[in-house]
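Once you know that position 80 of the sequence shown is 86 in this note's numbering, the rest is easy, because the numbers rise by one and skip nothing.
Hints listed in this document are in silico derivations from the structure and should not be mistaken for laboratory results. These numbers come from a predicted model, not from an experiment. No residue lacks a Cβ here, since even glycine has one placed at the ideal position from N, Cα and C. Hints are supplied without guarantee of correctness; some may be wrong.
With beta-carbon atoms standing in for the labels, derived distance ranges [claimed, not checked]:
hint : residue 1 : residue 2 : range
1    : Glu29     : Glu78     : 18 to 24 angstroms
2    : Arg102    : Pro54     : 33 to 39 angstroms
3    : Lys68     : Pro15     : 18 to 24 angstroms
4    : Pro94     : Arg49     : 29 to 35 angstroms
5    : Glu98     : Ser50     : 29 to 35 angstroms
6    : Ser50     : Ala95     : 31 to 37 angstroms
7    : Arg73     : Gln52     : 18 to 24 angstroms
8    : Arg102    : Arg55     : 29 to 35 angstroms
9    : Glu98     : Arg49     : 27 to 33 angstroms
10   : Pro33     : Glu78     : 18 to 24 angstroms
11   : Asn57     : Arg102    : 27 to 33 angstroms
12   : Ser50     : Gln99     : 28 to 34 angstroms
13   : Gln99     : Pro54     : 19 to 25 angstroms
14   : Arg102    : Asn82     : 31 to 37 angstroms
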Amino acid sequence: MMIEKRYQPRMDTRIEAEIRYRERSFPAMVTDLSSGGLRLRTRSLQIPRGNMVEIRFRHGGKEWQLRGLVVEQPGNSEVCVMFQEPQPALFEQVSRMPASVIPGHSAGPRKAA
7 MMIEKRYQPR
17 MDTRIEAEIR
27 YRERSFPAMV
37 TDLSSGGLRL
47 RTRSLQIPRG
57 NMVEIRFRHG
67 GKEWQLRGLV
77 VEQPGNSEVC
87 VMFQEPQPAL
97 FEQVSRMPAS
107 VIPGHSAGPR
117 KAA
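Work out the full structure: start from the sequences and follow the hints.
Rendered as structure tokens:
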């Protein structure tokens, strides 16, 4: 059984993004989002825990540019980032647009444990 470590509800998403690390940009997909952070799927990008990154994407007609700390890298193709500043407006916007949810997943936020 997996224990939830987050305090905010989260939502499964599918938002094309760009992650900047060491002055280089890499394509990514936001697959999980809360007001406190997100999970990105990448193509074999290794970013050690504790490094700062910048995430850029467009959603709901707005350009988002967020800084955060890599807190986990569960595999070669995933990066978990905690935002430098909480983003409740972003979470609210994404939760109102069910088209951004991955098909087959629930259309609303998941409850934190």
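Status of each hint after checking the structure:
1. As the Cβ distance of Glu29 to Glu78 is approximately 23 angstroms, the hint placing it in 18 to 24 angstroms holds.
2. At about 35 angstroms, the beta-carbon gap between Arg102 and Pro54 stays in the expected band of 33 to 39 angstroms.
3. Between Lys68 and Pro15 the C-beta distance comes to about 21 angstroms, which sits within the given range of 18 to 24 angstroms.
4. A hinted range of 29 to 35 angstroms for the beta carbons of Pro94 and Arg49 is consistent with their spacing of about 30 angstroms.
5. Against the hinted window of 29 to 35 angstroms, the Cβ-Cβ separation of Glu98 and Ser50 comes to about 33 angstroms, which satisfies the hint.
6. The hinted range of 31 to 37 angstroms is satisfied by Ser50 and Ala95, whose Cβ atoms lie roughly 32 angstroms apart.
7. One distance hint, 18 to 24 angstroms for the beta-carbon pair Arg73 and Gln52, holds here, with the actual separation near 19 angstroms.
8. Arg102 and Arg55 have their C-beta atoms about 32 angstroms apart, which keeps the hinted 29 to 35 angstroms range intact.
9. Separated by about 30 angstroms at the C-beta atoms, Glu98 and Arg49 satisfy the suggested range of 27 to 33 angstroms.
10. Distance hint for Pro33 and Glu78: a CB-CB separation of about 20 angstroms, consistent with the stated range 18 to 24 angstroms.
11. Between Asn57 and Arg102, the C-beta spacing of about 32 angstroms keeps the proposed range 27 to 33 angstroms intact.
12. In this structure the hint that Ser50 and Gln99 lie 28 to 34 angstroms apart at CB holds, the actual value being about 30 angstroms.
13. In this structure the supplied range 19 to 25 angstroms is violated for Gln99 paired with Pro54, their Cβ-Cβ distance being about 31 angstroms.
14. For the hinted restraint 31 to 37 angstroms between Arg102 and Asn82, the CB-CB distance of approximately 33 angstroms keeps it satisfied.
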